[in-house]
Amino acid sequence: MFNKLSDDTNVTLLLCADLGGKGTLRPLIQTEYIQLASWLAVKDLRFAHLMEDAYLQDAAACGLAYGRLRQLMGRGIQLGFCVEEWQRSGVWIISRSDSAYPKRLRTVLEHSAPPLLFGSGHQALLHAGGFAILGPDSLSAPRELIARKSAALAACSDRTVITAGHYRVADASVAAAREAGGKVIRVLADKLIHKSVEKSARRAIAAKRLVHVSTCSPSARSAMLHAAEAGLVSIGLADQALYVSGTGIVVDTYGSATAMKQGGSGKSFFVWTGKSKDVSGDAQQLLDRGAELWSDEQVKLDWHPLAMPVQSTDTVPMAETPEKAGQLPPAVQEHTSTDLKPKAQNVYEAVLPILRTHCEKPRSVDELSELLDVQKGQLKKWLRQSVRDGVLSKDEKSTRGSEKYEINRQESLPM
Amino acid sequence: MDTIPSGSAGIVASLDSGPKTLKDVAEQYLRDIVGNASATFRDGQWESIELIIKKKRVLVVQRTGWGKTMVYCIATKILRDRGEGPSLMVSPLLALMRNQIRAAESLGLVARMFIGSNYNEWGDIEKELAQDKTDLLMITPERLAHGRFVRRTLPRITGNLGLLIIDEAHCISDWGHDFRPDYRRIQRVQSAIPRNVPIVATTATANNRVVEDVRDQLGRNIAVHRGSLVRKSLRLQTITMPDAKARLGWLAQAVPQLGGSGIIYTLTRKDSDLVADWLASNGIRARSYHGSSGRGDNTREELEQALLNNDLKVLVATVALGMGFDKPDLGFIIHYQRPPSVIHYYQQVGRAGRGIAEAFGLLLWGTEDDRIAEYFMDNAFPEQEKIRSILAALNEADGGLTLKEIEAAVNLKRSIIEKTLKLLALESPAPVIQVGRAWTAREEASDYQIDPEYITRLREIREAEQVQMQNYMNHQDCLMAFLQTALDDGTADNCGRCRNCLGQDLVPVYVPQSLVHQARQFILNRARHIFPRREWPTPLLSDHAIHSDEECISVGFRAVRGRALGGWRDGGWGDLVWRERQFEAQYSPRLVEVAVQLLRQWNPYPRPQWVTTVPSRRGTQHVGAFAQAFAATLKLPYIPVVERANACRPQSEMKNHVQRAANVANAFAVPAHCRGDVLLIDDVSVSGWTLTTVAALLRHAGCGSVRPLVLVKRDLAG
Numbered sequence: 002m003f004n005k006l007s008d009d010t011n012v013t014l015l016l017c018a019d020l021g022g023k024g025t026l027r028p029l030i031q032t033e034y035i036q037l038a039s040w041l042a043v044k045d046l047r048f049a050h051l052m053e054d055a056y057l058q059d060a061a062a063c064g065l066a067y068g069r070l071r072q073l074m075g076r077g078i079q080l081g082f083c084v085e086e087w088q089r090s091g092v093w094i095i096s097r098s099d100s101a102y103p104k105r106l107r108t109v110l111e112h113s114a115p116p117l118l119f120g121s122g123h124q125a126l127l128h129a130g131g132f133a134i135l136g137p138d139s140l141s142a143p144r145e146l147i148a149r150k151s152a153a154l155a156a157c158s159d160r161t162v163i164t165a166g167h168y169r170v171a172d173a174s175v176a177a178a179r180e181a182g183g184k185v186i187r188v189l190a191d192k193l194i195h196k197s198v199e200k201s202a203r204r205a206i207a208a209k210r211l212v213h214v215s216t217c218s219p220s221a222r223s224a225m226l227h228a229a230e231a232g233l234v235s236i237g238l239a240d241q242a243l244y245v246s247g248t249g250i251v252v253d254t255y256g257s258a259t260a261m262k263q264g265g266s267g268k269s270f271f272v273w274t275g276k277s278k279d280v281s282g283d284a285q286q287l288l289d290r291g292a293e294l295w296s297d298e299q300v301k302l303d304w305h306p307l308a309m310p311v312q313s314t315d316t317v318p319m320a321e322t323p324e325k326a327g328q329l330p331p332a333v334q335e336h337t338s339t340d341l342k343p344k345a346q347n348v349y350e351a352v353l354p355i356l357r358t359h360c361e362k363p364r365s366v367d368e369l370s371e372l373l374d375v376q377k378g379q380l381k382k383w384l385r386q387s388v389r390d391g392v393l394s395k396d397e398k399s400t401r402g403s404e405k406y407e408i409n410r411q412e413s414l415p416m
Numbered sequence: 128m129d130t131i132p133s134g135s136a137g138i139v140a141s142l143d144s145g146p147k148t149l150k151d152v153a154e155q156y157l158r159d160i161v162g163n164a165s166a167t168f169r170d171g172q173w174e175s176i177e178l179i180i181k182k183k184r185v186l187v188v189q190r191t192g193w194g195k196t197m198v199y200c201i202a203t204k205i206l207r208d209r210g211e212g213p214s215l216m217v218s219p220l221l222a223l224m225r226n227q228i229r230a231a232e233s234l235g236l237v238a239r240m241f242i243g244s245n246y247n248e249w250g251d252i253e254k255e256l257a258q259d260k261t262d263l264l265m266i267t268p269e270r271l272a273h274g275r276f277v278r279r280t281l282p283r284i285t286g287n288l289g290l291l292i293i294d295e296a297h298c299i300s301d302w303g304h305d306f307r308p309d310y311r312r313i314q315r316v317q318s319a320i321p322r323n324v325p326i327v328a329t330t331a332t333a334n335n336r337v338v339e340d341v342r343d344q345l346g347r348n349i350a351v352h353r354g355s356l357v358r359k360s361l362r363l364q365t366i367t368m369p370d371a372k373a374r375l376g377w378l379a380q381a382v383p384q385l386g387g388s389g390i391i392y393t394l395t396r397k398d399s400d401l402v403a404d405w406l407a408s409n410g411i412r413a414r415s416y417h418g419s420s421g422r423g424d425n426t427r428e429e430l431e432q433a434l435l436n437n438d439l440k441v442l443v444a445t446v447a448l449g450m451g452f453d454k455p456d457l458g459f460i461i462h463y464q465r466p467p468s469v470i471h472y473y474q475q476v477g478r479a480g481r482g483i484a485e486a487f488g489l490l491l492w493g494t495e496d497d498r499i500a501e502y503f504m505d506n507a508f509p510e511q512e513k514i515r516s517i518l519a520a521l522n523e524a525d526g527g528l529t530l531k532e533i534e535a536a537v538n539l540k541r542s543i544i545e546k547t548l549k550l551l552a553l554e555s556p557a558p559v560i561q562v563g564r565a566w567t568a569r570e571e572a573s574d575y576q577i578d579p580e581y582i583t584r585l586r587e588i589r590e591a592e593q594v595q596m597q598n599y600m601n602h603q604d605c606l607m608a609f610l611q612t613a614l615d616d617g618t619a620d621n622c623g624r625c626r627n628c629l630g631q632d633l634v635p636v637y638v639p640q641s642l643v644h645q646a647r648q649f650i651l652n653r654a655r656h657i658f659p660r661r662e663w664p665t666p667l668l669s670d671h672a673i674h675s676d677e678e679c680i681s682v683g684f685r686a687v688r689g690r691a692l693g694g695w696r697d698g699g700w701g702d703l704v705w706r707e708r709q710f711e712a713q714y715s716p717r718l719v720e721v722a723v724q725l726l727r728q729w730n731p732y733p734r735p736q737w738v739t740t741v742p743s744r745r746g747t748q749h750v751g752a753f754a755q756a757f758a759a760t761l762k763l764p765y766i767p768v769v770e771r772a773n774a775c776r777p778q779s780e781m782k783n784h785v786q787r788a789a790n791v792a793n794a795f796a797v798p799a800h801c802r803g804d805v806l807l808i809d810d811v812s813v814s815g816w817t818l819t820t821v822a823a824l825l826r827h828a829g830c831g832s833v834r835p836l837v838l839v840k841r842d843l844a845g
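Chains X and P are the protein sequences, given in the same order.
Okay, so the first sequence: first residue is 2 according to the numbering used here, each after it adds one.
Okay, so the second sequence: first residue is 128 according to the numbering used here, each after it adds one.
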């Protein structure tokens with residue numbers, strides 16, 4: 002199978018994609034792309050028209066040098082080789098003119114929405130929104146655990162977890178979401194193909210539970226220069242986001258905090274600061290702009306799939322532009338609390354909250370069997386699984402046949 | 128008015144009219160190439176060039192020698208004059224490229240090959256591309272499989288590529304697998320290239336089906352220029368001579384009588400070596416040419432050059448020498464066996480007589496032809512079960528597996544593993560990809576299934592092609608017209624020059640019995656070399672000292688070069704060994720005599736001082752009794768010092784060298800202390816790992832040189 006690209010997408014690739022190498026020819030950057038796209042819109046033309054040299058010469062009127070445009074458009078054969086290689090490696094390409102391009106990116110990011118998306122995995126996930134978990138490059142273990150727990154929480158609530166890059170917050174969130182059987186959108190700056198063939202990734206992709214997406218072509222040599230776009234796209238695709246703050250001065254390669262400030266219109270954002278008084282500047286700015294505090298107590302209390310933080314109507318959208326004040330973007334309107342109810346994938350997952358409720362105090366198998374009206378054999382299987390999953394704990398000192406189960410208190414977050 | 132800046136001749140021209148039209152300029156370039164001041168374009172040449180420089184797509188179907196090279200060299204020259212970027216040519220054979228370079232250079236174009244064998248020039252080529260000093264870059268389709276070319280070399284090109292040339296374009300529709308699988312990649316590359324980029328595809332051998340396929344691939348709006356395939360200098364004859372000895376005898380007699388130099392095509396490498404050695408033993412300047420001739424392409428290039436210079440009377444080649452080899456005065460093409468299709472045949476026979484008035488195309492066939500054809504058809508695709516086992520191993524791995532690691536994980540021949548990986552990697556999306564040296568599964572791997580309908584369809588086509596070749600062998604009317612008709616050339620008519628048109632043999636088919644007898648003796652007495660292995664396939668096969676140097680076999684543990692009486696069921700001594708091993712209690716004295724004779728002819732130095740054997744896995748006395756009788760004849764002591772230490776499976780069940788080496792790593796022991804140079808005897812050597820392991824143990828026990836002597840060498844690929 003080979004997907005032939007539209008002429009519009011081909012031209013966008015020729016003009017904007019980094020096809021690799023150390024050449025001096027610079028593809029169009031975001032602002033230049035917008036400059037050209039605006040000119041085309043005014044002239045009622047499409048990108049495909051630029052295949053004809055006459056239109057290309059006219060397009061120089063938008064302020065871009067004809068010589069450069071011509072050179073970029075002359076990369077047709079190189080592009081053929083690249084597209085073949087990308088598609089063979091399972092990478093798909095969508096441009097802003099394609100119907101598959103996520104509407105929410107265009108709506109939320111407007112002129113910052115990237116002209117091209119390269120991806121691998123289940124493309125449809127890009128349209129469903131999700132819960133972004135972002136943070137600086139390096140975090141302490143307890144803070145990383147917050148990302149992990151939050152991702153698991155979101156996954157159990159059937160929310161797609163969205164992350165940027167491949168540093169600690171992202172790795173932890175992706176791993177936890179996958180373990181919980183959740184769906185993941187991972188926005189990468191580089192290593193798109195490498196990350197997609199990791200064993201866990203390819204299994205998740207096969208199960209349609211993972212999509213990797215990047216604004217940079219897999220051939221680009223300087224992909225990390227565009228790393229900040231990963232944070233921005235994550236926010237663009239999400240309808241809720243959590244920023245796990247570091248302490249002191251932090252490095253934020255993927256521009257997570259900046260993206261939240263820039264693309265936060267109409268979204269509910271949360272910030273985890275922990276008990277530390279040394280809140281990073283980014284986190285403080287987000288809080289100043291109206292982000293809610295994702296507190297220890299809240300997480301402890303709400304550590305239940307049903308208690309996933311929900312966008313409330315009185316949440317003040319951050320950095321809202323005056324003309325949009327009072328409007329709730331469709332992406333948010335679509336979400337109601339009923340959407341957030343857990344959707345169990347099997348009977349065990351369905352019964353787990355009930356087991357937790359009954360195991361607030363230690364219970365034997367006999368007691369539980371009677372309470373739940375279920376056969377002991379089946380019940381024992383669920384209980385063993387819940388112990389393995391760390392949800393319940395078993396009293397190790399009890400004799401065979403008199404074991405008691407209760408909620409695993411150690412499951413609570415380390416503070 | 129479409130103008131070009133000054134070219135090499137300082138000409139300014141226009142497309143439409145005037146004293147110096149673009150056609151005039153192009154014609155001048157043609158004259159520069161051919162070195163003839165009055166040369167003019169053949170029908171279709173200028174029309175094709177004109178379309179290319181108007182950035183259209185063209186398929187040129189013209190016979191070999193028509194001048195397809197002129198089309199893209201002149202088009203490249205004009206595009207470069209206009210300031211366009213260099214042309215990129217994908218061509219399947221190196222021989223072709225060397226000829227293209229000569230044509231390009233005569234126009235002042237700088238043409239460079241970017242191929243595996245000139246690795247040390249890649250850096251310079253990339254620099255030249257960056258400086259816009261290269262006009263024509265040539266690659267083999269296999270180069271596309273290596274990331275560096277796409278990721279590093281192509282982006283270096285300053286001013287972009289102006290033209291894509293796909294040579295031997297019939298490979299696009301040839302389902303490639305038994306020829307150049309990477310052409311499937313070209314299909315997709317060209318369909319991903321935006322429609323405003325010019326592409327020229329050329330072929331000499333395309334029937335209607337192939338032309339339609341290529342049009343589908345390159346776009347229905349592609350212009351097709353198609354000409355007559357008739358070769359007026361070529362005189363064709365078919366000769367029925369099924370017995371291999373008779374064919375060898377006939378060749379020894381007929382080749383010296385044919386004028387000029389030529390090519391003999393065989394279906395297998397083994398036959399290429401056999402025929403070349405036989406002719407050489409008859410005083411004919413003959414060499415074999417195939418995929419593993421010498422080391423690297425230089426040797427093959429030297430062989431081609433030797434034929435071009437008429438230093439050789441004949442080159443005995445497999446399909447590795449074919450498309451693109453250009454020697455205008457080639458006097459004859461002989462097929463020792465029947466090629467798989469009319470397309471193959473026409474292509475190969477078309478090498479002869481391009482620049483001379485008369486050349487011969489002689490087709491022989493043998494009883495082995497059907498068996499060989501069947502083998503190639505059976506092995507064109509790996510079986511689903513083998514694909515599944517490779518994918519399962521990759522699926523389980525995190526971070527991928529190298530080829531050696533795959534060999535260790537699955538009991539399959541290396542060649543099967545490589546072929547399977549190549550097949551899978553060419554799918555799009557591919558179930559496996561190569562990241563660095565490691566092969567990695569993709570999500571498609573878990574439920575990948577080869578398309579059975581596709582395989583069935585392809586097999587049916589191949590079978591029909593075989594039948595067509597059989598029909599050619601039995602054809603009573605004009606042989607050239609048969610080929611033209613088979614290739615959908617509407618101009619087919621009796622040639623008046625072939626054996627059937629004339630009603631008499633062009634070359635006598637009589638073979639003296641003495642030559643047939645000599646050929647038989649030659650087959651019987653062809654000894655084979657046993658080359659010592661230098662590396663273990665995986666590190667630390669066992670904790671024995673012989674394996675302590677990890678992958679490298681320590682020099683002190685290696686065997687020296689040995690000999691085999693023959694090959695497994697090779698029609699010579701191999702047949703006798705096979706029969707006696709199967710049906711007799713021990714080997715006959717005749718084999719002992721032959722082995723003694725071989726040793727005397729061989730006369731190895733240092734001379735062996737004693738004889739030992741590899742103990743039989745089956746517990747039979749074949750090898751022991753043979754070695755005892757052999758040693759007694761030579762008056763050497765026979766000392767069976769090697770023992771079986773652990774059970775192992777037959778090496779023939781182990782399918783690759785990692786499995787085979789591991790199978791015998793702990794199988795033997797040499798408990799005694801030894802000294803002196805020893806001759807190590809075994810009856811069948813499959814992969815050489817048993818001999819390698821036993822030789823290492825003998826040397827570890829104190830032996831001097833260990834020289835293997837085996838009755839038959841059984842070649843199992845991989």
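The hints are simulated quantities; they were obtained by calculation from the structure and are not laboratory data.
Treat the hints with care, since some could be wrong.
What the hints assert, rightly or not - Restricting the straight-line Cα-Cα distance to at most 20 angstroms, the calculated cross-link-like pairs of lysine to any residue (SDA-like) are:
no., chain 1, residue 1, chain 2, residue 2
1, X, Lys-192, P, Glu-512
2, X, Lys-196, P, Ser-555
3, P, Lys-183, X, Lys-209
4, P, Lys-182, X, Asp-8
5, P, Lys-181, X, Leu-57
6, P, Lys-183, X, Met-52
7, P, Lys-181, X, Arg-71
8, P, Lys-182, X, Met-52
9, X, Lys-5, P, Ser-555
10, X, Lys-192, P, Pro-556
11, P, Lys-540, P, Glu-512
12, X, Lys-209, P, Asn-522
13, X, Lys-200, P, Ala-552
14, P, Lys-549, P, Ile-242
15, X, Lys-5, P, Asn-323
16, P, Lys-181, X, Glu-53
17, P, Lys-182, X, Glu-53
18, P, Lys-260, X, Ala-38
19, X, Lys-200, P, Arg-564
20, P, Lys-254, X, His-50
Against the structure, the hints:
For the hint pairing X:Lys-192 with P:Glu-512, the CA-to-CA distance comes to about 32 angstroms; that exceeds 20 angstroms, so the pair is violated. For the suggested pair X:Lys-196 and P:Ser-555, the alpha carbons sit about 19 angstroms apart, so the restraint of at most 20 angstroms is met. Distance check on the hinted pair: P:Lys-183 and X:Lys-209 sit about 42 angstroms apart at the alpha-carbon level, beyond 20 angstroms; violated. Under the criterion of a C-alpha separation no larger than 20 angstroms, the hint pairing P:Lys-182 with X:Asp-8 is consistent with the structure, at around 17 angstroms.
A hinted pair counts as satisfied when its Cα atoms are at most 20 angstroms apart, and P:Lys-181 with X:Leu-57 qualifies at roughly 17 angstroms. Taken as a hint, the P:Lys-183 and X:Met-52 pair is honoured in the structure, with Cα atoms around 13 angstroms apart against an allowance of 20 angstroms. A C-alpha spacing of about 17 angstroms is found between P:Lys-181 and X:Arg-71, which places the hinted pair at or below 20 angstroms, so the restraint holds. For the given pair, P:Lys-182 sits about 12 angstroms from X:Met-52 by alpha-carbon distance, which is consistent with the 20 angstroms threshold.
Our distance criterion of 20 angstroms between C-alpha atoms is met by X:Lys-5 and P:Ser-555, whose separation comes to about 12 angstroms. A distance of roughly 18 angstroms separates the Cα atoms of X:Lys-192 and P:Pro-556; the hinted pair therefore holds under the 20 angstroms criterion. Among the hinted pairs, P:Lys-540 with P:Glu-512 is consistent with the structure: their alpha-carbon atoms are about 14 angstroms apart, no more than 20 angstroms. Restraint check for X:Lys-209 and P:Asn-522: the C-alpha separation of about 17 angstroms stays at or below 20 angstroms, so the hint holds.
Of the supplied pair hints, the one linking X:Lys-200 and P:Ala-552 holds, its CA atoms being roughly 18 angstroms apart against a limit of 20 angstroms. With a C-alpha separation of about 18 angstroms, the suggested pairing of P:Lys-549 with P:Ile-242 holds against the 20 angstroms cut-off. For the given pair, X:Lys-5 sits about 15 angstroms from P:Asn-323 by alpha-carbon distance, which is consistent with the 20 angstroms threshold. As the CA atoms of P:Lys-181 and X:Glu-53 are separated by approximately 13 angstroms, the hinted pair is consistent with the 20 angstroms bound.
For the proposed pair P:Lys-182 and X:Glu-53, the alpha carbon gap of about 11 angstroms is at most 20 angstroms, so the pair holds. Between the alpha carbons of P:Lys-260 and X:Ala-38 the distance comes to roughly 35 angstroms, so the proposed pair goes past 20 angstroms and is violated. In summary, the hint linking X:Lys-200 to P:Arg-564 is supported, as the alpha carbons are separated by about 17 angstroms, within the 20 angstroms threshold. The suggested pairing of P:Lys-254 with X:His-50 is violated, with an alpha-carbon distance near 34 angstroms, which exceeds 20 angstroms.
Consistency note: the structure conflicts with the earlier hints numbered 1, 3, 18, 20.
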